[in-house]
Amino acid sequence: MDHLLEIRNLKITTLRGKDKVYLLDSVDLSIRKKCSFGVVGESGCGKSITASAILGLLPYPLRVAEGSIRFDSRDGEKELLKLSRKEMRQVRGEEISMIFQEPMTSLDPIFTVEMQMFEALSFHHPGMGKGEMREIALEMLHRVNIPRPEQTLASYAHQLSGGQLQRIMIAIALINNPRLLLADEPTTALDVTIQAQILHLMNDLKEQRDTSIIMITHDLGVIAETCEEVAVFYAGQIVEQAQVVELFTHTAHPYTKGLLRAVTSLGGAQRKLYTIPGIVPPGGQWSRGCRFAERCEQCMEKCREEMPALREIAPGHFCRCFLQDREVEA
Amino acid sequence: MTERKSEFLLEVRKLQVYFPIRKGLMKRVVGHVHAVEDVSFSVRPREVFALVGESGCGKSTTGSAVLRLIEPTGGQVFFRGDELGRLSEEEMRLKRRDMQFIFQNPYASLNPRMNVWKLLSEPLRIHFQLSPGELRERVGEMLRLIGMTEDQLERYPHQFSGGQKQRISIARALITHPSFVVADEPVSALDVSIQAQILNLMMELQQEMELSMVFISHDLNVVRHISGSVGVMYLGSLMETGDTEEVYRHPVHPYTRALLSAVPSHDPLHRSRHIVLEGDVPNPADPPGGCPFHTRCSLCSGRCREERPELREIAPGHCAACHHVE
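Residue numbers (this note's numbering), protein chains in the order written: chain A, 1 to 330; chain B, 1001 to 1326.
All the pointers check out, no bait thrown in.
Rough simulated footprint, nothing fancy, chain B against chain A, three-plus residues with beta-carbon under 8 Å: (1) 190-196; (2) 211-220; (3) 241-249; (4) 255-262; (5) 273-284.
Think of the hints as simulated: they come from the structure by calculation, not from any bench.
Beta carbons: idealized from backbone N, C-alpha and C, even for Gly.
Just chain B, same shape as in the assembly (with noise of 0.2 Å):
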């Protein structure tokens, strides 16, 4: 395989994730759900890249995909130059120790008959060989990353509460030191107060540690905080992209500017103007053609229901889907 230099530490490619639909008695494939529809960006050593989007819109499959949880239907992802479509089984699971994911739900990620030392050793003794004493260092460093101390060790996760599941999880997944780690609402399932101080953790592991991330949100107040730069997905596809700042301050994908004006403000003196789409996000086994906001968007024209946009730069590193974007 020949090496490729790149400034990038991740770039996905046109990436595809289909999932066929089965039905009757030979489950006989009878149509696929488009998940993710020809999905590319990239992501700088040390960067946040969030994805936001609405439930169903194929987020979390791309970050799952990205890691080959899920195998992607097409497309490419390479990773510090490697394709990871052609790695063997037992190649991708050595990548992992670089690569990981922390997941939403920290009630569920986290097996409830393994202590926290069992929950924070196991993927060191899956990823190295260290002895009794190197496991107990690595472990007790990484606790006192997340601000835990080691008599919490023998406890179980019934005995946390949510915001420390969480940190667990997290000390779970940084603790081989990877340099990427895909984020998949990992706050979304805690109280404000709680998830303020996840998100700061995350920062600061984030700094301290010069990873990279891909950050899964629905939230886009928390989206801007955290992320660099920023992928709409709307119905599998990619809408906008672009700086985070640029985008929230001057969106130009038409979806865009409805997501962000549907974010309920927190001033009564200043109840903000929403535009308020109609109806429902179509149903991904049967995307609608053309452009896939069109059913939803104010200014569908006829161009709109023929030819799907492609994502095109509209200003520098800013790039919007839309035939309306000048």
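Just chain A, with the same shape it has in the complex (with noise of 0.2 Å):
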């Protein structure tokens, strides 16, 4: 396999009265080992449930319809969808971890940062004596940068601040050295400052270990900041992917420019900021067109009657828009 992971054609659904109702609509994905992956788009547009999906994690009554996620994992190919619950429990957090939004709310009131921390180890290594897992626990705190990690193993969630919690969070996931972590919104929730300091940490542990990271956000900057590629999704779709660099530089879809635009107008020169009209269409209130048709400045009839494909326009640059077509074959 070339790749770690590969997503094809996953489609989520939920039911709405008698109703399937799809949230995530024909996604590709493919990541590459020893790569940070940018996820970016609005809520409800179906980031988050993508990494759900992965992790074998959709709450009822979300289920996925159809497609196929691969993984590489380190004893040979696996296809996450088939396998059993109890197979799954072996992949999550020994191969692949996540990391969530909210610090504050992930880890476990009435539990010690040790008992949390020597689970996930135990978990996945039954054998390991209790000296052995303390000494590994602590080689984490430390290099997620923890400044005293003897006495905050010994501590309770409340004790705690979000930005350390959220140093705990990151090395929870990383103790068993999985080959996938998924962090979704991981400083969301975080100021400013802290943020900083977190997208530092992630950006060093990437580069000592070859750990993949799919970094699941609304925030451009974050991604800007932390990823090498870059998915958009809008209404359960991809509808513009690149290389980052590229991403900002040959913008192409009509949504991107329009968030780039939104947010690099705050602090410009001009008084009235540029907003795209109208909102986010809801799950399975989607036109058979173009999803974005309704919003769009640049709307042709044609993007109303027939949904536009995701097509390459450059070398690793896809784009789900009929004016980048027509700029193709001009």
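With the hints as a guide, dock the two chains, each given alone in a separate frame, to form the complex.
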């Protein structure tokens, strides 16, 4: 397998009354080894459920309707969607792990940090002794720059700050040396100076280990600072995908352009902010044409009738827009 | 009470808010959280003053204390020359017609059992005696200003998106035609593309209704866009104040510098060089002596640990609280 993770034609549905509603529609993603891959989009675009689907953690009534998620694990290639619950548990935390958005609520309040770190270790290494586990736990806390590791091990979640908790979450996620780390908005709940600390830490850790990172965020700034490749999600689809520099310098899709203009016009000279008109259409209320058509300034008749395909417009740069086709043909 | 003439609409002087920490069976007060410590600033008519800082720095508490939604422990707040602290509850209630508050979370600040008509007419019923016709007219006018239509009057908050809800709560705050509002993180709960819409709306309304505003936010880009002057808060104190562009272009306080450099840049070719601050914000129940920032400051010297720096003017209109700034 060339890639660490290959998602093909992934579709996720939910039930609304008796109707089947698609929340994620034919998503293809390939994550290279030792790569940090950004997934960006607004709330409800399907970025977080993609991560849940990879880990087999989709909450009821969401389910995978179609597709495949192939993962290059230590003992050969695996089709994650076909694994049994027991086999999936072996992958989770050992080969693929996850950091969640809110560090304040993702640690268990009634166990010490030590117990929660040991749990992650002993689950995958049943024979490991207390002394060895403690050594590894201390080493990990040291790696994530926790000031007093010994004291922190004995602490409960409420005794620590948000930044420290997120460091501990990262330490727990990396304790088994996973091949893939899913980070779902890891800095959204944190202050900007703490965000800078955590992003630095993640960049350093990526350099030291061969862990690939999927960074899920709504913040293009976080993507620009940490990722090599990026996919932009809109209404359950990928609308644009490219290397980070290519995406920011040769932005092709009107939605990506809009997002970028909306954030960069902040602090700019003009008083009136650029806005994308309208709102993100909720899941299941998508038109049969281009899903961005209603909000697009360059919308053509064709866009309302027909869904544009995700096409390669430059080497490694994919875009889902008819305007690009025209430029390619011309 | 003597009328004080002033160029400022709002003047805050040495505002203090302490919250008692109670412990034990008798709920004995064992200490205080110093949420706001000697904060002073002034807001001119039609000016937007922003309070910016990280969570727990006291910016929201300052906003609430200005309107006496939280009773200040010390200091004075003057509004149009009246000292608000001396007003009775009833007098303060009348004042609030002219001073309003926009809350952060539109999902929580609108009563789910009231429809748009009730939500918007309630402030008018409380503050004015209007005929049903006048009431309809005022509500209709406000709806137009926020870009909504009369056929949405019968709807309830859950039928609207986050952005629309925030429009409704802005309308609710502005329907009494106040001259001053405190807006506490009004766009933080919204998606990026919706944030821009609400910010544009707030700036239009601010111009049109000639509002003065204290705009509270942790988002440095938003603050730069909307405000004319700014106060940077850390651990309950103002670290730096001044004209917004001036502070952003030439930050002098080490904390402001670190804060501004921590904002992710939107250009992958020029990844910003962060000044990464070590450690966390100290506990406000047990603030460090001397300068509140000295535990994380790279310039920290002996004097910083001993003596609390005052907010001093370092250039016309630009103040900083730091011993190391000339």
